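Put together the whole structure using the sequences plus the hints.
Residue 320 in our numbering sits at position 320 of the sequence shown; the count goes up by one each step and never skips.
These are computed hints drawn from the structure, not numbers from a lab. What you are looking at is a predicted structure, and each value in this text was computed from that prediction instead of being measured. Among these hints, one or two may not hold up.
What the hints assert, rightly or not - Listed below are the simulated DSS-like cross-link pairs for lysine-lysine, each with C-alpha atoms no more than 27 Å apart in a straight line:
1) Lys250 x Lys344
2) Lys127 x Lys42
3) Lys400 x Lys367
4) Lys400 x Lys293
5) Lys422 x Lys127
6) Lys267 x Lys302
7) Lys344 x Lys127
8) Lys367 x Lys293
9) Lys402 x Lys302
10) Lys290 x Lys250
11) Lys166 x Lys127
12) Lys267 x Lys250
13) Lys412 x Lys290
14) Lys406 x Lys344
15) Lys302 x Lys412
16) Lys302 x Lys406
17) Lys127 x Lys397
What the hints assert, rightly or not - Derived DEER-like restraints, expressed as beta-carbon distance ranges:
18) Pro21 x Glu168: 33 to 41 Å
19) Ala129 x Gly438: 32 to 40 Å
20) Ala264 x Gly390: 36 to 44 Å
21) Glu168 x Pro146: 30 to 38 Å
22) Ser100 x Lys163: 31 to 39 Å
23) Ser148 x Pro77: 16 to 24 Å
24) Gln24 x Pro146: 26 to 34 Å
25) Gly390 x Lys166: 22 to 30 Å
26) Ala399 x Gln53: 31 to 39 Å
27) Lys249 x Thr136: 23 to 31 Å
28) Lys406 x Glu301: 26 to 34 Å
Every residue gets a Cβ at the ideal spot worked out from N, C-alpha and C, and that includes glycine.
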Amino acid sequence: MAPSTNISSSAAICTLTVATPLLQDDAVLQLILNLASDKQVKVSQEKKGNVLQLQMLDATGVVLTQRAAILRALSGPALQYALDVYLTGGYGASSKNGGSATAVMAMSSLQSWMTVAHQVTVGASDKAAVLAQLETYLETRAFLIPSSQATLADMDLCASLLKAKKEEDAPFTANVMRWMTTVHAQMTAFGATTLAPLEASPSTLPAFFYGTEEFVALGKKGAPTAAPAAGGKPAAAAGDKPGVSEEQKKVAADKRAKKAAEKAAKKKTPVPPTAAAPLDITALDIRVGKILKAWHHPDAEKLFCEEIDLGEESGPRQIASGLRPFYSTEDLTGRHVLVLCNLKSRNLVGFPSHGMVLCASNADHTKVEFVVPPQDAPLGERIVFGALQGDPEPENKVAKKKFAEKLLPDLKTNAAGEVLWKDHAAMTTKGAIKALNGMADATVG
1 MAPSTNISSS AAICTLTVAT PLLQDDAVLQ LILNLASDKQ VKVSQEKKGN VLQLQMLDAT
61 GVVLTQRAAI LRALSGPALQ YALDVYLTGG YGASSKNGGS ATAVMAMSSL QSWMTVAHQV
121 TVGASDKAAV LAQLETYLET RAFLIPSSQA TLADMDLCAS LLKAKKEEDA PFTANVMRWM
181 TTVHAQMTAF GATTLAPLEA SPSTLPAFFY GTEEFVALGK KGAPTAAPAA GGKPAAAAGD
241 KPGVSEEQKK VAADKRAKKA AEKAAKKKTP VPPTAAAPLD ITALDIRVGK ILKAWHHPDA
301 EKLFCEEIDL GEESGPRQIA SGLRPFYSTE DLTGRHVLVL CNLKSRNLVG FPSHGMVLCA
361 SNADHTKVEF VVPPQDAPLG ERIVFGALQG DPEPENKVAK KKFAEKLLPD LKTNAAGEVL
421 WKDHAAMTTK GAIKALNGMA DATVG
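Here it is as structure tokens:
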């Protein structure tokens, strides 16, 4: 349906309140409203301001105010999964109430890609780095999550990248361009009326020349015609009488000899392989978080289930931690902690866990302490280590290359209980990271 000032139905199951300027600027939200039935969603527009709110009209009365959460809700549970196949690959309904592991992981991946899209939109990510990682990621994939067509993750990131593109930016690379062309066409077909245009990149297909260098055209009967000789008169074609001139033969022979010499020189001078950048702790994405609530895992006696605020637009993460032998539920609630964020989501005894809370422990693991940032460190701030610089690697690469297993053994506390990776101190903008009770010479993981 096309958005209008007020669209309502007595059968509506949710109400979307949105500022008209926001709606006009959000191609993905337009698309969803175009697909949705006006018998399920009531849309109320306000001419000014920046309001964006979705309220369920059922007994729960749930209210959502974050854009990504609203988009996912409209694509799934808010409209009773009517758009699930179109926008979330059919994984939304399959992942509810525990669902299949494949569906849960797909929805977790969709949420992560939408976070990347938000970071591109607000300028919190290096756009060039995102595009470089995306080019590699799409080498063996058609879309961002396993699906036969573009999902909400593809659409949100595509729209963000197009909106952020500037005239001076380099053209999109081959895999990114192929992906964006497909996603852009699907979004346009679904009704994204204000989607930024996609300009075609210059063709990278090779151009071929058939013939030898001394022939530049074809004669009337298809026979090659020789290039003009000195004096401006065309020389006879090879095989014609009186034949190619001696001067032309000499020029062609000289060119062939020069090319052969260059080719031989290249073979004799091997190009040294480019040295890979050394692996360091910047490959891991460690951030400041706050435990909002914690409860005992119903089926695992050593696990806590936690909701942790990492300052992400997509909302708190769910993470499971094996800390019940060392802490109580009260010890966790409200605690500021460090979270390793770029780990793939996985099920821990049926609980979907996306990340790891970092703690210090002694050699035999009989004592465990949180490693904590200064109390006033901003939620979501990334931890830096001395002068080391680098962007975190994507989740799939961290898992495939086992970066956590390689790097965490060197993450320790010193005699003062301060966290270091090798000789590089862990810092926030508000100060150093320490073990909660100053545990010295401990391993952090």
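Checked hints:
1. For the suggested pair Lys250 and Lys344, the alpha carbons sit about 65 Å apart, so the restraint of at most 27 Å is broken.
2. As the CA atoms of Lys127 and Lys42 are separated by approximately 36 Å, the hinted pair breaks the 27 Å bound.
3. Of the pairs offered as hints, the one joining Lys400 and Lys367 is violated, with about 31 Å between alpha carbons and a cut-off of 27 Å exceeded.
4. The hinted pair formed by Lys400 and Lys293 fails the criterion: a straight-line CA distance of about 31 Å is larger than 27 Å.
5. As the CA atoms of Lys422 and Lys127 are separated by approximately 30 Å, the hinted pair breaks the 27 Å bound.
6. The hinted pair formed by Lys267 and Lys302 fails the criterion: a straight-line CA distance of about 62 Å is larger than 27 Å.
7. Taken as a hint, the Lys344 and Lys127 pair is honoured in the structure, with Cα atoms around 22 Å apart against an allowance of 27 Å.
8. Proposed proximity of Lys367 and Lys293 is supported: the alpha carbons are some 23 Å apart, at most 27 Å.
9. Distance restraint check for Lys402 and Lys302: the Cα-Cα separation of roughly 25 Å lies within the 27 Å cut-off, and the hinted pair is therefore satisfied.
10. Using a Cα cut-off of 27 Å, the hinted pair Lys290 and Lys250 is violated, with the two alpha carbons roughly 79 Å apart.
11. About 11 Å separates the Cα atoms of Lys166 and Lys127, which keeps this hinted pair within 27 Å; it holds.
12. Note on Lys267 and Lys250: the hinted pairing holds, with a Cα-Cα distance of about 26 Å set against a maximum of 27 Å.
13. Straight-line distance between C-alpha atoms of Lys412 and Lys290 comes to about 22 Å, which keeps the hinted pair within the 27 Å bound.
14. Annotation: proposed proximity of Lys406 to Lys344 holds, straight-line Cα distance about 16 Å (limit 27 Å).
15. Only pairs whose Cα atoms come within 27 Å are accepted, and Lys302 paired with Lys412 is accepted, the gap being roughly 24 Å.
16. For the given pair, Lys302 sits about 26 Å from Lys406 by alpha-carbon distance, which is consistent with the 27 Å threshold.
17. A hinted pair counts as satisfied when its Cα atoms are at most 27 Å apart, and Lys127 with Lys397 qualifies at roughly 19 Å.
18. About 27 Å separates the C-beta atoms of Pro21 and Glu168, a value inconsistent with the hinted range of 33 to 41 Å.
19. A beta carbon spacing of about 37 Å between Ala129 and Gly438 agrees with the range 32 to 40 Å that was offered as a hint.
20. One distance hint, 36 to 44 Å for the beta-carbon pair Ala264 and Gly390, holds here, with the actual separation near 41 Å.
21. The supplied range of 30 to 38 Å is met by Glu168 and Pro146, whose beta-carbon atoms lie about 35 Å from each other.
22. In this structure the supplied range 31 to 39 Å holds for Ser100 paired with Lys163, their Cβ-Cβ distance being about 34 Å.
23. In this structure, Ser148 and Pro77 meet the distance hint of 16 to 24 Å, their C-beta atoms being roughly 22 Å apart.
24. Taking 26 to 34 Å as the suggested C-beta distance range, the pair Gln24 and Pro146 conforms, at roughly 33 Å.
25. Range check, Gly390 to Lys166: Cβ separation about 25 Å, and the 22 to 30 Å hint holds.
26. For Ala399 and Gln53, the Cβ-Cβ distance of about 37 Å falls inside the hinted range of 31 to 39 Å, so the restraint holds.
27. Between Lys249 and Thr136 the Cβ separation comes to about 50 Å, which falls outside the hinted range of 23 to 31 Å.
28. Taking the beta carbon of each, Lys406 and Glu301 are about 31 Å apart, inside 26 to 34 Å as hinted.
This entry does not satisfy hints 1, 2, 3, 4, 5, 6, 10, 18, 27, going by the numbered hints stated previously.
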